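Trainee: Sequence:
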Amino acid sequence: MVDQVWTEVSGSGEDIVVLHGWGLNANIWTPIVSQLSQQGRLTRLDLPGYGESPWPPNEAITFAKLCQLTLAALPERCHLIGWSLGGLVATQLVLDASERFHSLTTVASSPFFPAQEPDWPGIEPSILNQFGKQLSKDFRRTVERFLALQSLGSPHAKADVKAIKEWLFSKPMANVEVLDAGLDMLAQVDLRAQLKHIEIPFFRIYGRLDALVPAQIDAQVQQLAPASQSYVAPHCSHAPFISDPEAFLTAWTRFFQDVSQR
1 MVDQVWTEVS GSGEDIVVLH GWGLNANIWT PIVSQLSQQG RLTRLDLPGY GESPWPPNEA
61 ITFAKLCQLT LAALPERCHL IGWSLGGLVA TQLVLDASER FHSLTTVASS PFFPAQEPDW
121 PGIEPSILNQ FGKQLSKDFR RTVERFLALQ SLGSPHAKAD VKAIKEWLFS KPMANVEVLD
181 AGLDMLAQVD LRAQLKHIEI PFFRIYGRLD ALVPAQIDAQ VQQLAPASQS YVAPHCSHAP
241 FISDPEAFLT AWTRFFQDVS QR
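Going by our numbering, the residue at position 124 of the sequence shown is 124; the numbering climbs one at a time, nothing skipped.
In short, the hints are calculated from the structure, not lab data. Here the structure is a predicted model, which is why all the values come from computation and not from measurement. Watch out, some of these pointers could steer you wrong.
What the hints assert, rightly or not - Lysine-lysine pairs mimicking DSBU-like chemistry, simulated, CA-CA at most 35 Å apart:
no., residue 1, residue 2
1, 162, 65
2, 65, 196
3, 137, 162
4, 165, 133
5, 165, 65
6, 158, 133
7, 137, 196
8, 158, 171
9, 171, 65
10, 158, 137
11, 165, 137
12, 196, 158
13, 137, 171
14, 196, 162
15, 137, 65
Sequences and hints are given; from them, build the entire structure.
Mentor: Here is the structure:
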C-alpha cells in the first residue's frame, strides 16, 4: 500500500510533512517548499486518491482508510502540517498515533467543517450539497469553482486562483468518486470532542478573510484545545501560505523552533 502514495522529499534534518486539501495535490505547497526544506527534511505527498497517488482498487473510500493509507506513507516521526481537509486528516492521525508526531499544525482547517447554529462558524451545508450534485455533471468545472471560493476575499484572488489551477492540472485529477467521498468527509467528520486528547504541541493558522473556514472559529477551537496556539493571517483567505507566504512562514517557523528546542 505504501508505494502507492506519491511522495517527494527535500532538505535534511527533522522530518516535516505537509498534507494538501480537497481536490488538490502536493503542488499546492510550491510557494513555501524551499523555505520549509531549509527548516528540516520536507516530505510532500499526494493524499491517496489525489494527484499521482491512486486509490487502492476494490477499497471503499472512507475517512478511516484515507488516514490509514496516509499514516503508512509517513516518516517514523515528523512535524505534521495539514491544510483544509488535510488538516482534518492530520488531526485524526495525531489522535490515532500521537507517538509518531513532534507537533501538529492545521491551516485553514476545522475539527468540524459545516456551519452549525447558533455558534459554530463553518461552510454552509448547502454549499457542500451543491458541489456534490454538480460533481457528476462537470467535475473539473466544479473543482475550479471550489478553488475560486477558497480565494474569495484574498487581495490577490485572481493570481491565487491562476497559480492553484496550474498546480492542480499539472498532475492527474482525482476521480469523481474520490472527490464525492471527500465532500462527505468535509460534511460529516466531527473531531471536536476529541481535541482535548491532543497532547503534542498544536498550532492553528487561519485566514481572517477565509470564506470557508471563518476565522471566528478560532475562539471555539481554543476552548476545545486550550493548550493549542493560533495565528490569524490578517490579509489572507483560505490559503494563507499562498496569499502571504512570508507571514505564514514567520508564524510557523517560530512555533517549529520553539518545539524543536524543548
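Trainee: A separate judgement is required for each hint: does it hold in the structure or not?
Mentor: So, going through the hints one by one against the coordinates:
Taking the CA atoms of residue 162 and residue 65, the gap is about 32 Å. The hint holds against a cut of 35 Å. Restraint check: the Cα-Cα separation between residue 65 and residue 196 comes to about 23 Å, which is no more than 35 Å; the hinted pair holds. For a cut-off of 35 Å, the pair hint linking residue 137 to residue 162 stands: about 23 Å separates their Cα positions. Only pairs whose Cα atoms come within 35 Å are accepted, and residue 165 paired with residue 133 is accepted, the gap being roughly 22 Å.
Under the criterion of a C-alpha separation no larger than 35 Å, the hint pairing residue 165 with residue 65 is consistent with the structure, at around 27 Å. Annotation: proposed proximity of residue 158 to residue 133 holds, straight-line Cα distance about 26 Å (limit 35 Å). As the CA atoms of residue 137 and residue 196 are separated by approximately 41 Å, the hinted pair breaks the 35 Å bound. Proposed proximity of residue 158 and residue 171 is supported: the alpha carbons are some 21 Å apart, at most 35 Å.
With a C-alpha separation of about 22 Å, the suggested pairing of residue 171 with residue 65 holds against the 35 Å cut-off. Restraint check: the Cα-Cα separation between residue 158 and residue 137 comes to about 25 Å, which is no more than 35 Å; the hinted pair holds. A threshold of 35 Å between alpha carbons decides the hint, and for residue 165 with residue 137 the separation of about 20 Å falls inside it, so the pair holds. Of the supplied pair hints, the one linking residue 196 and residue 158 is violated, its CA atoms being roughly 38 Å apart against a limit of 35 Å.
Annotation: proposed proximity of residue 137 to residue 171 holds, straight-line Cα distance about 21 Å (limit 35 Å). At roughly 39 Å between alpha-carbon atoms, residue 196 and residue 162 are farther apart than 35 Å, so this suggested pair is violated. Taking the CA atoms of residue 137 and residue 65, the gap is near 27 Å; set against the 35 Å cutoff, the hint holds.
The earlier numbered hints that this structure contradicts are 7, 12, 14.
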